[in-house]
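Chemist: All residue numbers for the sequence shown refer to the numbering used here, where the first residue is 1 and numbers rise by one.
Treat the hints as calculated values from the structure; they're not laboratory data. Among these hints, one or two may not hold up.
The calculated EDC-like cross-link candidates involving lysine to aspartate or glutamate, where the alpha carbons are at most 16 Å apart (straight line), are [unchecked claim]:
no. : residue 1 : residue 2
1   : 434       : 626
2   : 405       : 652
3   : 298       : 784
4   : 5         : 24
5   : 723       : 337
6   : 732       : 328
7   : 474       : 570
8   : 565       : 482
9   : 454       : 607
10  : 101       : 74
11  : 1016      : 16
12  : 550       : 921
13  : 101       : 73
14  : 892       : 977
15  : 444       : 614
16  : 196       : 847
17  : 558       : 626
18  : 565       : 661
19  : 867       : 904
20  : 867       : 169
21  : 261       : 976
22  : 612       : 440
23  : 298       : 785
24  : 146       : 173
25  : 394       : 16
26  : 612       : 74
27  : 294       : 784
28  : 270       : 807
29  : 803       : 273
30  : 185       : 172
31  : 854       : 197
32  : 657       : 818
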Amino acid sequence: MRPLKLTMTAFGPYKDTEVIDFSELKEHRLFVVSGNTGAGKTSIFDAICFALYGDASGEDRNDNKMLRSHFADDQVHTSVDLEFELKGRAYRVFRQLAHVKTGNKGATGDSYELYEISSGKAVPIVDRFIVSQVDEKIRGLIGLTKEQFSQIVMLPQGEFRKLLTSETENKEEILRRIFKTGLYKQVADHLNEQRKDMQQICSEQAKMLEYHIGNVKGTLGGREASDLYKVFEQENYNTYQVLEALDKEIEYYTVQLKEKKLLLQSELTKFQEHMAVYHQVQAVNGQFDLLDQKSEVKQQLVAKEDVIKQQTVQLSLAEQAVHLQVYEQHTIEMTDELSRKSELLEAALIECQQAETALNTTIALYKEEEGKEELRNQSLRELDRLQGYLPAVKEIDQRQQRVMKLTIEVDTLSKQLNGSIDELEKKQSDRLSKAAQVKELEDKVLHLPAKTEKLNQLRQQAVTMKEYLGLLDKRKTEQAEERENKGSFEQADHAYSAIEERWIEGQAGLLASHLHDGELCPVCGSLDHPQKAAATGDIPTKEELERMRKEKSLFEKKHLEVKAKLTTTEQQINEKQQQLLELGYPLERIQSVYADLQIEGKALVEEEKQLKEDNSMLAPLKQSLDTLDSKLEEIRNQKEHTLYLFNSKNTEYVTEKALFDQSLSSLPEEVRSLGKLEQHIKSAEVNNRQLESAWKQAQSQYQEANERNIKASASRVNAENGKSEATTNKDKALQSYLGALEQAGFASEESYKAAKMSNEAQAELKSQIEMYKASLASVTKQIEELTSTLAGKERQDLAILQKLLDDLEQSIDIVRAESIQAGNNFDKGSEFKANILEAERSCQEAEREYQVVKDLYDVVRGENSSKISFERYLQIEFLDKIIHNANHRLQKMSGGQYYLVRSDRMEKRGKQSGLGFDVYDNYTGQLRDVKTLSGGEKFNASLCLALGMADVIQAYDGGVSLETMFIDEGFGSLDEESLNKAIDTLIDLQQSGRMIGVISHVQELKSAIPAILEVKKTREGYSYTNFYVS
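All chains should be modelled from the sequences, with the hints used to inform the complete structure.
Modeler: This is how it looks when you write it as structure tokens:
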């Protein structure tokens, strides 16, 4: 990916639209992004990263809301438009941030677009311009995720050295994101979940085995003589011991079951034999009891013999009396008929008397009502008169209802009209007040943009002053530190020179002591040695010399590092001084000017805060004013409508009232009210009905009384004739009845009635006599048969036999219970054994499966002597390739002093290991931690790692095209030699076809690179850019 044109709008410190056209670089592929601190150099990298991935380049700037320019107008959206080239094809991506405009509740305006530029035309390459499709297409084109892009293409502040100096776990996460090895971590997590599940299953299976053994102990472990009891009495026992003892217990209960079954069968046989004897004795004793019962019954029957004879005579007389009942019944009927006819005659006489009296009364009432004919006619005429007024009165009543309704409506509309007028006046007053308030606030907030702009300028200037003052303090500290380190270095250098001189002199003395005349000198080759060096007494050792050299090198290194830091600080102070002079501030009074600036800034903050509060109040007030205007228009319309309705209804009321008064005057006073008229009509109708009803009732009563009198006379004559006939019939029937009694042999009617008996009573008496005779014959026969059967037999005592049976039955119950218990224990023992065997098998199976999963999980997660997981093992392969590629450049940049080595040392406290770095120092021949490198050395190592990673990723994924690299990291920490080597490395990368962009304040870097993208800040605080290509 190579950028062609970058267009930023309202982005970071860039207030309006800022265009960076990379074609201005021409043939230059290496350029420096230069500018003062806070001018917006990193924002350029953020914009490129935001256009491609929707996020800024560094982790400390991952909130996209922070990307919007504070200088931008509220109506201008924050956006980035990037044109770039990839594999010979041109593309354009556009992203626009949503933001909340003043007066809105939600953020609006977000937009995402992606095109391919072909023949000068932009052609969309996604189906829909939505963020998910644009992001997916970008990742597919570039072949890198945002994390990979930030690690190898755009190296932002804070991200550059992570891979070099972070712990193994952090490196693991970086490599996971870059090389997508997270799948293997997911495998480890999945195996861990499986391990936990299998561990839970093992625990549950062990608990189930323990549960089944507990069942054995609770159910069968109580027999003290058993092996099972002895096993459970032990403090520790295993499943094998329980199963072995359980087998013996099952065998014991098998024998017990057989013995109990045989004993039970023997007892049952005895019981059945004694039960047969018991039933035989019980039958004989029953026959003796039956004989006694029958003898007693016969004695009772013999005692009733005289009574039965009397009942036989009584039955004979009753049968004779049956034939006289016809005569008796006829006489009774005739006597009853005479009584009934006498009663009818008496009633007819009373009715005749009452009918005559009633007739006389109704005749008088009839004559009285007949005389009221004129009164009835007069009542009818009054009713007709009143009903004639009814239509007119009804019409007047309806008109009165309309008048009353109109009166209410007119009153209501009058109140509504007055209310509308009052509300209109109140709302108009409110509107004038709010309009004045809006005008006052608008005049105030008119100065808000100027205040805000001035405050932003003061803030930027204050930040510059504060940074300048901080740098002055820092310089003092660093100068003191530099003087201290310089003194220490000079002292160490002097000490080393002295000991080195002594060592050399000592070596010369030692050499001279071995020279003899005639032998060649190993230094000059002479055979004569006239003036040999004298050996000194105290010669330092080589180890002492080396220790002093290292101590001197250490002080020298510290001195150079502090001096480099002081040089950087001096450069930064010069830049800040230049900025302050450009802003017009005197450097000699900068402390007091900064204090004055703070006071002025605080005052401006308060003013801006008040103006913002006023501005926030303005929109709701304007909205309220608009709402009030709408309400006023609504009230005016309502008032006009109410006035129209009032006039209309009032006119209608006046017309209806005049017609009502005119109609009312044409009627008599007493009938003007519909209610009173209807009451008079109702009274007249009631009076008329009463008169007519009384006349009709008198006529009806007279007719009914006359008819009743005629009927009563006829009934009296009929009753007299009936009574005479009934008397004759009764006398004849009595004579026939008395003759029949005498003929039947009854001395009197009383003896006849005593002998009478109903048919049911006769039948029952006859049945009793016959049953007595049959019972006596039957019981006599049964006694004879039982006496014959029991001849030669005696009664026996059943209690003795019953006691014997009860004892046998109790014995049988005990044996049966013991047999059942033995059988149950045998069944339970067999069941428990099967359960324990199954539980043990399941437990062993679960344990085997758990061990397999656990071993596999331990392998994958790195539970081994090297603490290297499977994922990290794969990452080590990538890391070794990265180190191999990085060392080609690092050895060149360090003059052959350093190369990187992957560390095999174990992390502390058992942490995961395998991704640490050591550096091998060829000067000392030792390995050491990369954290011991100086700032510049770390920069070189980090840069080489980033370049090595780029090489590996490009080789790993052939679809990735790495044509660009942006570096935003500390070249200022490099000394002159290291800086030149770093520049040479960047130039080599440029010659390989890559575009390299570097953010740096280092003057040597800007001097060495002919293309510079200068970022400058205006006095107002926002920034702009320019390319300078020499």
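Chemist: Within a Cα-Cα threshold of 16 Å, do residue 298 and residue 785 meet the stated pairing?
Modeler: Holds. Residue 298 to residue 785 sits at ~14 Å (cutoff 16 Å).
Chemist: Residue 892 and residue 977: Cα distance at most 16 Å?
Modeler: Holds, at about 12 Å.
Chemist: Between the alpha carbons of residue 405 and residue 652, is the straight-line distance 16 Å or under?
Modeler: Holds, at about 11 Å.
Chemist: CA of residue 434 to CA of residue 626, is that 16 Å or under?
Modeler: holds (10 Å)
Chemist: Can the restraint linking residue 565 and residue 661 be considered satisfied, given a maximum Cα separation of 16 Å?
Modeler: Status violated; Cα separation ~115 Å.
Chemist: Is residue 101 close enough to residue 74, meaning Cα to Cα at most 16 Å?
Modeler: Judged against 16 Å, a Cα distance of about 6 Å means the pair holds.
Chemist: Need the status of pair residue 454, residue 607: alpha-carbon distance at most 16 Å?
Modeler: holds (11 Å)
Chemist: Are the Cα positions of residue 550 and residue 921 separated by 16 Å at most?
Modeler: holds (14 Å)
Chemist: Please work out if residue 1016 and residue 16 have their alpha carbons no farther apart than 16 Å.
Modeler: This hinted pair holds, its Cα atoms lying about 14 Å apart.
Chemist: Tell me if the straight-line CA distance from residue 270 to residue 807 falls inside 16 Å.
Modeler: holds (11 Å)
Chemist: Going straight from one Cα to the other, do residue 612 and residue 440 come out at no more than 16 Å?
Modeler: holds (14 Å)
Chemist: Given the hint that residue 657 pairs with residue 818, test it: the Cα-Cα distance must not exceed 16 Å.
Modeler: violated (116 Å)
The structure shown violates the earlier hints numbered 17, 18, 21, 25, 32.
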